[in-house]
Amino acid sequence: MKYTQLGRTGLKVSRLVLGTMNFGPQTDEADSHAIMDAALDAGINYFDTANVYGWGENKGRTEEIIGNWFARGGERRDKVVLATKVYGNMAADGDAWPNHDKLSALNIRRAVDASLRRLRTEYIDVYQFHHVDRRTPFEEIWQAIDVLVQQGKILYVGSSNFPGYKIAQANEIAARRGGTIGLVSEQCLYNLAERRAEMEVIPAAQEYGLGVIPWSPLQGGLLGGVIKKEVEGGRRASGRAADSLANTTIRAQVQSYEDLLDKHGIEPGEAALAWLLTRPGVTGPIVGPRTAAQLASALRAVELELSDELLTGLDEIFPGPGPSPEAFAW
Numbered sequence: 002m003k004y005t006q007l008g009r010t011g012l013k014v015s016r017l018v019l020g021t022m023n024f025g026p027q028t029d030e031a032d033s034h035a036i037m038d039a040a041l042d043a044g045i046n047y048f049d050t051a052n053v054y055g056w057g058e059n060k061g062r063t064e065e066i067i068g069n070w071f072a073r074g075g076e077r078r079d080k081v082v083l084a085t086k087v088y089g090n091m092a093a094d095g096d097a098w099p100n101h102d103k104l105s106a107l108n109i110r111r112a113v114d115a116s117l118r119r120l121r122t123e124y125i126d127v128y129q130f131h132h133v134d135r136r137t138p139f140e141e142i143w144q145a146i147d148v149l150v151q152q153g154k155i156l157y158v159g160s161s162n163f164p165g166y167k168i169a170q171a172n173e174i175a176a177r178r179g180g181t182i183g184l185v186s187e188q189c190l191y192n193l194a195e196r197r198a199e200m201e202v203i204p205a206a207q208e209y210g211l212g213v214i215p216w217s218p219l220q221g222g223l224l225g226g227v228i229k230k231e232v233e234g235g236r237r238a239s240g241r242a243a244d245s246l247a248n249t250t251i252r253a254q255v256q257s258y259e260d261l262l263d264k265h266g267i268e269p270g271e272a273a274l275a276w277l278l279t280r281p282g283v284t285g286p287i288v289g290p291r292t293a294a295q296l297a298s299a300l301r302a303v304e305l306e307l308s309d310e311l312l313t314g315l316d317e318i319f320p321g322p323g324p325s326p327e328a329f330a331w
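Throughout the sequence shown, residue numbering follows my numbering, covering 2 to 331 in sequence.
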């Protein structure tokens, strides 16, 4: 496994991030524990989750599965850089009581303590804001975070799904307050087929020293060889990938992508991950394996070297927006 610093921090993290969103809803506890063991054995030390994972009446279940894994010992907790998130409504029926969601100081305090209990740990390495809170000022948010850092409950803070201007605003206010390191990472939707983050989010993250953690690196399976799987195994795409393939222009684009990679003898999903690892500012993509085989495929991407010819071909099929502000100004 290869490692890098998380943004401007001294924290060393693996170039792949283990996403746990499937643990509970799609992968049972025993298989989830086996995947986490395999990831740790392979050198993946950055595990990502969120308090809402488990979804519906099972919100919090994913954190519980991880906590039970930590409780098995073997230095599991000491070896893992643990990241979780706060913002979502934790009510099972979706009808939150006032102050039981978003980023008020009250909810942050409540949510941290609840996550610590479920995760069966004394601290969270990277505590992430899952979404912007348009009503809570950053002065209040940072005050709450400062208390938690002083209490030893969290070490670093990251954002997720933040626009570039909110990354700037958050870190400028943190700098004015003094004593607060500010945001050190940003999780955003970013992959070959969805490159809008290159216009504002990634430049802001680089300017302020945030590590970029792309989520959905395969665009919901679209970049994982979905057409080839249809042809060879009769397994039709579902969800976001199926919706995208219904567009004839996108289907032709994906076909060109799969043909290019077939020419180079590379699996599409592995190429999509390897491409992200070449992008400026990217710490590592989140991979959310449902099976051990999917984890093994993701691990191969870390060692995969993409030729200049192939990178050029990928850019031709999935052109990015170009640098900002030229991308939208002229």
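Hints in this document: simulated from the structure, not taken from any laboratory. For glycine and all other residues, C-beta sits at the position ideal for the given N, C-alpha and C. Be aware that a few hints might be false.
Said to hold, decoys possible - Below are the PhoX-like pairs computed for lysine-lysine, each with C-alpha atoms no more than 25 Å apart in a straight line:
hint, residue 1, residue 2
1, Lys60, Lys154
2, Lys80, Lys13
3, Lys229, Lys264
4, Lys264, Lys230
5, Lys3, Lys80
6, Lys154, Lys80
7, Lys13, Lys154
8, Lys3, Lys13
What the hints assert, rightly or not - Simulated DEER-style distance windows between Cβ atoms:
hint, residue 1, residue 2, range
9, Asp263, Gly95, 42 to 48 Å
10, Gly74, Ser239, 24 to 30 Å
11, Asp94, Asn248, 34 to 40 Å
Hint check:
In summary, the hint linking Lys60 to Lys154 is supported, as the alpha carbons are separated by about 21 Å, within the 25 Å threshold. Among the hinted pairs, Lys80 with Lys13 is consistent with the structure: their alpha-carbon atoms are about 11 Å apart, no more than 25 Å. For a cut-off of 25 Å, the pair hint linking Lys229 to Lys264 stands: about 13 Å separates their Cα positions. For the hint pairing Lys264 with Lys230, the CA-to-CA distance comes to about 17 Å; that is within 25 Å, so the pair holds.
As the CA atoms of Lys3 and Lys80 are separated by approximately 15 Å, the hinted pair is consistent with the 25 Å bound. For the hint linking Lys154 to Lys80, the alpha-carbon distance of about 17 Å falls within 25 Å, and the restraint holds. Distance check on the hinted pair: Lys13 and Lys154 sit about 19 Å apart at the alpha-carbon level, within 25 Å; holds. With a CA separation close to 10 Å, the supplied pair Lys3 and Lys13 stays within the 25 Å bound.
The hinted range of 42 to 48 Å is satisfied by Asp263 and Gly95, whose Cβ atoms lie roughly 44 Å apart. Separation of Gly74 from Ser239 is about 38 Å and departs from the stated range, judged on CB atoms against 24 to 30 Å. Under the hint 34 to 40 Å, the C-beta atoms of Asp94 and Asn248, about 36 Å apart, fit the expected range.
Violated hint for the displayed structure: number 10, the only one.
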